[in-house]
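Undergrad: One-letter residues, chain by chain:
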Amino acid sequence: MDDILNIVIVAALIWHAALLGVALWRVARGESAVDRLLGVELVSVLILCLLVLIALFTGQDLYMDVALIVAALSFIGTLALARYLADQRMF
Amino acid sequence: MDSTLKLVLQVIALLAIVAGSLFSLIGVLGLIRLPDVYTRLHAAGKVSVFGAALLVVAAVALESLGLGKALVLIVLLIIAGPAVSHALASAAYRTGVPMQRAARDDLAEQRGRPLSSGPRSADPSSDLPV
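So the protein lines, in turn, are chains A and B. Per this note's numbering, the first sequence starts with residue -2, numbered consecutively. Per this note's numbering, the second sequence starts with residue 4, numbered consecutively.
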């Protein structure tokens, strides 16, 4: 069972890395600024998925902390940039 | 008894990892294939609410990696995902990103604007909170 789990975790890691590449390509050729911002948000969520999978693979608690910080910072950053795009000011 | 519990937790983790990966695939596929920003937002929201949250559930079930931190992370993901999607949709509408094959636009009727209009009007009364 442990072998199966390890194989599945490594496969999910490779899988999410491939999806990350697709999302980055989408950011590079986005149609509008909001489109690119959506791509950046998706990239940050996929990085969070990668960090959680690395935490599962190595069994270290530390990577969950990093995932938490990534989630909080990307949330605030995307909200601020969306408001900047709509209003041409942040506050 | 203890080994049975471990096996059940491992099966839960396995199913959660597979389901989360499938949700991530659906989200990225929607990001590529769907026609405009508003429909793409619908697809990309799935990745943060289901994909990442299910992976965190797997992490808790398998290794019990920081239960409190994982709970905070899941709550943050479930709150932040829809909020970000809403803010991005509002920004897209107000910067005048056109809709593809839109059947109706209730907000435009309410604000006296034509369907899929151009850049945001200078009328300050038309400002919506983000």
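Hints in this document: simulated from the structure, not taken from any laboratory. Note that the structure is a prediction, hence the values are computed from the model and not measured. Careful, some of the hints might be misleading.
Just a few of them, taken from the derived set where beta-carbon distance is under 7 Å, the chain B residues facing chain A [stated by the list, open to error]:
hint	residue
1	D5
2	S6
3	L8
4	L25
5	G33
6	L37
7	T42
8	V50
9	A55
10	A62
11	V87
12	L91
13	G99
Think of the CB as a built atom: it goes at the ideal place given N, C-alpha and C, for glycine as much as any other residue.
Undergrad: B:V50 was flagged as interface toward chain A. Is the shortest Cβ-Cβ separation under 7 Å?
TA: holds, 5 Å
Undergrad: Return the status of the interface hint for B:G99: holds when the least beta-carbon distance to chain A is below 7 Å, violated otherwise.
TA: Violated. Min distance 9 Å.
Undergrad: Using Cβ atoms only, decide whether B:A55 comes closer than 7 Å to chain A, and label the hint accordingly.
TA: holds, 5 Å
Undergrad: Do the numbers back the hint for B:L25, that is, is its least Cβ distance to chain A under 7 Å?
TA: violated, 10 Å
Undergrad: Given a cut of 7 Å on the nearest C-beta pair, is the interface hint for B:T42 held or broken against chain A?
TA: Result: violated, 11 Å to nearest chain A Cβ.
Undergrad: Quick check on the hint: B:L8 CB to chain A CB, less than 7 Å?
TA: Since chain A brings no Cβ nearer than about 13 Å to B:L8, farther than 7 Å, the hint is violated.
Undergrad: May I ask you to test the interface hint for B:D5 with respect to chain A, counting a Cβ-Cβ separation under 7 Å as satisfied?
TA: Nearest chain A Cβ about 14 Å off; hint violated.
Undergrad: Regarding the hint that B:A62 lies at the interface with chain A, is the smallest CB-CB distance below 7 Å?
TA: Constraint on B:A62 satisfied, holds at 5 Å.
Undergrad: Under 7 Å is the threshold here; is the Cβ of B:S6 close enough to any Cβ of chain A for the hint to stand?
TA: violated, 10 Å
Undergrad: If you take the shortest Cβ to Cβ gap from B:V87 to chain A, is it below 7 Å?
TA: holds, 5 Å
Undergrad: Against chain A, with CB atoms and a cut of 7 Å, does the hint on B:G33 hold up?
TA: violated, 10 Å
Undergrad: Once the shortest beta carbon distance from B:L91 to chain A is found, is it less than 7 Å?
TA: holds, 5 Å
Checked against the numbered hints above, the structure violates hints 1, 2, 3, 4, 5, 6, 7 and 13; every other hint is satisfied.
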